[in-house]
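Chains as they are written, first to last, in full-length UniProt numbering: chain U, 1 to 435; chain G, 1 to 369; chain Z, 1 to 283.
Since the hints were derived computationally from the structure, they do not count as laboratory data.
Among the clues, some could well be false.
To be verified - Derived CB-CB ranges, DEER-like: (1) Lys257(G) <-> Pro293(U): 46 to 56 Å; (2) Asp137(U) <-> Arg201(Z): 35 to 45 Å; (3) Gln201(U) <-> Glu198(G): 27 to 37 Å; (4) Ser266(U) <-> Lys279(G): 34 to 44 Å; (5) Gly170(Z) <-> Glu38(U): 36 to 46 Å.
Every residue gets a Cβ at the ideal spot worked out from N, C-alpha and C, and that includes glycine.
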Amino acid sequence: MTEEKFDAIVIGAGMAGNAAAYTMASRGLKVLQLERGEYPGSKNVQGAIMYSNMLEKIIPDFRDDAPLERHLIEQRFWMMDDTSHIGMQYRSDDFNESRHNRYTVIRAQFDKWFSRKVREAGATVLCETTVTELARDSDGKVIGVLTDRTGDMILADVVVLAEGVNGLLGTRAGLRETPKPQNVALAVKEMHFLPEEVIDQRFGLKANEGCVIEAAGTISRSMAGLAFLYTNKESISIGIGCLVSDFAATMESPYELLESFKNHPSIRTLIAGSEVKEYAAHLIPEGGYRAIPQLFGNGWVVVGDAAQLNNAVHREGSNLAMTSGRLAGEAIFLVRKGGRPMTKENLALYKSMLDKSFVIKDLRKYKDMPALLHTNSRNFFTTYPQLLSQAAQNFMRVDSTPKLDKERATTAAFIKARSRWGLVGDAVRLAFAWR
Amino acid sequence: MLDTKRDTPPPAAGRAGMKKELPEHFKDYRHVWVFIELERGQVHPVSFELLGEGRKLADKLGVELAGVVLGPPGEATWHAVAEAFAYGADLAYIVEAPLLADYRNEPFTKAMTDLVETYKPEVLLLGATTLGRDLAGSVATTLLTGLTADCTELDVDADGSLAATRPTFGGSLLCTIYTLNCRPQMATVRPRVMAMPERMNKPVGRVIQHEVPMVEEEIVTKALGFLSDGQSSNANLAYADVVVAGGLGLGAAENLKLVKNLARVIGAEYGCSRPLVQKGWMPADRQIGQTGKTIRPKLYIAAGISGAIQHRVGVGGADLIVAINTDPNAPIFDFAHLGVVTDAIRFLPSLTEVFTHRLSPHSRDKLAN
Amino acid sequence: MHILICIKQVPDSAQIRVHPVTNTIMRQGVPTIINPYDLFALEEALRLRDCHGGEVTVLTMGPPMAEDALRKALTYGADRAVLLTDRYFAGSDTLATSFALSQAIAKIGETFGAPDIVFTGKQTIDGDTAQVGPGIAKRLDLLQLTYVAKIVSIDLDAREITVERRSEGGTQTLMTKLPCLITMLEGTNEIRRGSLDDALRAARSQIVKWNAADAGIEDLTKCGLRGSPTVVKRVFAPTARAEKAEQIDTTEKTSRDLAEELIAGIFSRQPALEDELAFDGDD
Ligand SMILES: Cc1cc2nc3c(=O)[nH]c(=O)nc-3n(C[C@H](O)[C@H](O)[C@H](O)COP(=O)(O)OP(=O)(O)OC[C@H]3O[C@@H](n4cnc5c(N)ncnc54)[C@H](O)[C@@H]3O)c2cc1C
Ligand SMILES: Cc1cc2nc3c(=O)[nH]c(=O)nc-3n(C[C@H](O)[C@H](O)[C@H](O)COP(=O)(O)OP(=O)(O)OC[C@H]3O[C@@H](n4cnc5c(N)ncnc54)[C@H](O)[C@@H]3O)c2cc1C
Ligand SMILES: Nc1ncnc2c1ncn2[C@@H]1O[C@H](COP(=O)(O)O)[C@@H](O)[C@H]1O
């Protein structure tokens, strides 16, 4: 008999769940965290960027023992067509500061570390335990959970749903809708192992410096999508993601997309000779501000990807997850400290804290971006990259064509492809969505 | 075990780089011994393979090769001695006792350690069978000496130490292990890893009969019975001349009949890769590879097997490896001799049919005419 | 009944990579698991406990992170876990491992009651020697039953145990006295999923952590590198076969033609085979 009651149950041990569990446990709450994976991180797509600032707010001295791969000193943005890329690149020695701003991490390891911190803070963490159902009382208030292990329900004053993007539990319980296909991207990803020295050499790095490449263009075959490459210590994470609705419409296979990205002449040499070890697919919520569901209710709050808190434009997810988890934890602590029950009214505190944070502010800023990229994906992901690449080539290639003719040809190509009004319209819409 | 040691080649400053200094009392340990595994009247062929290997070591060291036979009084035991000579032993140690009839750890360990302490061999080799591994572990611990399991190569280095090479980390690496300051240097070798030496009709060698005082009453463990696998269920896979094996590429359990049919037609044994055993499509004793059987056939046909390192280490000794796989980049083509990039499910029936035609006495007669 | 089981945390060898230049093991991202063979032994131990009463202690020697493996064993339902960890154990070969483990088992016996049965797995997937079990048995003077496929019966009053043991070409039935050491064969049973209560208890249990001194080990020269008679002198990659398989050209050929060509290829390489291949039976 599990006649035990907890102050809070956290479902999921990803970034959001760990942040929430840590925040509450370290403030003395009796916390139970349940994770369906074999260990925290085992279900999470490996290789990602981790943002220091948001983690510092939870564990200030995380650098002492967190498994960090490389700190980023360089970022490249590439527009690609089938044979070329044109891009922007920023690299700065300023990023070699003592408290680095961003790191690559391998989630399987990082989440394990984070989970250890959670346990050290006093929470009880059970892995290989899937929550199958939320338990409610006669008034509909969430009072605990049921799991797939034999045994009774476990009771708690409040349940934090940090179950990630699929969020089956929350949708099944009717707390929110299943994310719409146009609001989620499917990303596939591989880990390519290479010796550390080889990575250093290929990207011009030294002593744990790291580099990120983000690429868009014909590689996504006109779908709204983005490819990426991150350097870890002894491996490279490489992947590509596109909206699920686009995959459904085009019948493209994500795996083939990744294959052709890997075979792109600009990428191939970077990963040559590597050994591929892991292949993973994962969803990313990309609906942005307009897709955010109800965030709290009687006896529950939802955080992280499950709440669609993800900034697709900046490829930020884990920091929003950590911050929402932390704020939920702080809100719950404050409600409890005030001796008040975990009702919908009281838990609204979480939402108002979140509204004041960068999480909601950033998402609100880009609220029109998903719709724009979705409806105009052909232009943004095929036409423009091709035009830009042609223009660049035209500019670089030296032959006997007079320069003026070259420029005219470039302009003509743009106008032919999108018309004058189309170009202006795209620019205006992009500017508004960015604003 | 903290396995840092196997992580990296030990630095020269490590123990291996130190001067080997064999303690005085081990200096008179001489000669190479092979344990002749005798069960129910039969000598396990791995013992002959080891005699072949032991012969080479003994010749390099300029010492004698001895077979060690432990068994019940009677003809079978003496036959094992004769066989040891036929496969190259110069002399044989024999302990005869009724309680050595069925293998049990206690009397065998006692007899073996007693022999070693009396006659002092420098090298002792055993087969890595269920019997050999059971015995080797106890003997080595009793004698407090080193034991290297599942060796794939045995050699003698310049100063006369045994260099035992074995796979590590699932076959992805090999390592060479020495037993520094203890004797004997013990090693086990899996059946079929070493080649079978030529059998000679050699005159008998010297026999040293040794008495080990043991009485049945003092042996706690009793053998109550033995159930033979019989010919049928226990695959003679390790010793088959021709083996056909299927892998996950066959897609479904029922497609295994394609493998079995081909095997039957060409008089082969059949086997499989590990996932098929895990799925329950085939019994465990049909598994080929690192955690299954090592085979050494003249012909090995692998259908729908990718050729993972753990599989590869079990078939490396085959004379001719034929791989059928839909993926031209499958690693199996790196070590197969002949490859066919095609769908095994469609191809195996044709192969079986053509073999049938070619091998049937009828068609052979026709060809002869 | 007190049942003790030795488990080892091992890198999941399916995921191990070798550095192409230095031939060293690249551990980054390689997950660790409980040696799969040990799980069969653990399940057998749990069943015996459920049937005869008593408790199950798991023991491992390894680095501090081996605690994860122990906690997992507790989740499956083991009652107590002991981690033997000390830098003096680093570099142990099987002889030194069996020494340390047997000392710890003796100490566990003094502290929590002597075990009636000590289980180990058949072998590990990294060391892969199957030597540690017999080594422990010898050092503790336990009767040894290896490759056990089935425990037929246990008579706690008479302190007798009967098992079926896999031997070459058959199954041997052996009877012996407790205490004994058993190494369990794979495929005998499947590890259970612990209940919610087990999982909660495991998450909260204190794991007993012992260093060499705690385990009553006085003679450190018998531990770790110093206590290991064997030494790894060289680690190297297997040499690849120089040439790849000769591919039979499959373009525009029927399966039959392909088969003809393959068989011709086989017999041209191994002419002797043509006479040896037997055709038995029709259809
Ligand atoms: C390919 C890819 C690349 C990315 N790269 C970046 C990046 O570089 N930087 C960045 O900031 N973000 C990145 N993101 C986004 C980021 O990974 C997510 O936003 C973040 O992990 C969300 O954290 P979370 O805790 O909400 O969800 P998750 O990390 O998905 O965690 C949810 C956890 O809940 C568990 N769970 C689910 N259901 C149950 C249940 N019923 N019972 C028990 N447990 C359950 C799951 O097993 C899982 O461990 C990337 C995402 C993808 C897919
Ligand atoms: C500790 C450990 C020990 C192991 N021990 C062993 C062992 O002893 N023996 C062993 O075999 N494995 C062992 N393995 C497993 C090994 O690593 C591989 O996973 C296994 O050998 C793969 O089996 P497979 O080739 O049948 O399957 P896969 O790797 O899935 O390969 C299937 C192959 O079939 C091909 N294929 C698919 N369809 C067809 C078709 N229609 N026709 C023809 N080809 C097709 C595919 O291209 C592929 O190459 C061990 C692993 C570990 C971790
Ligand atoms: N470091 C260790 N800690 C606990 N048990 C071990 C350890 N090493 C080996 N064993 C046990 O001994 C068995 C055989 O191991 P091995 O001889 O390495 O094949 C394993 O299945 C374990 O049960």
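Tested hints:
| no. | hint | verdict |
| --- | --- | --- |
| 1 | Lys257(G) <-> Pro293(U): 46 to 56 Å | holds (53 Å) |
| 2 | Asp137(U) <-> Arg201(Z): 35 to 45 Å | violated (27 Å) |
| 3 | Gln201(U) <-> Glu198(G): 27 to 37 Å | violated (54 Å) |
| 4 | Ser266(U) <-> Lys279(G): 34 to 44 Å | holds (42 Å) |
| 5 | Gly170(Z) <-> Glu38(U): 36 to 46 Å | holds (38 Å) |
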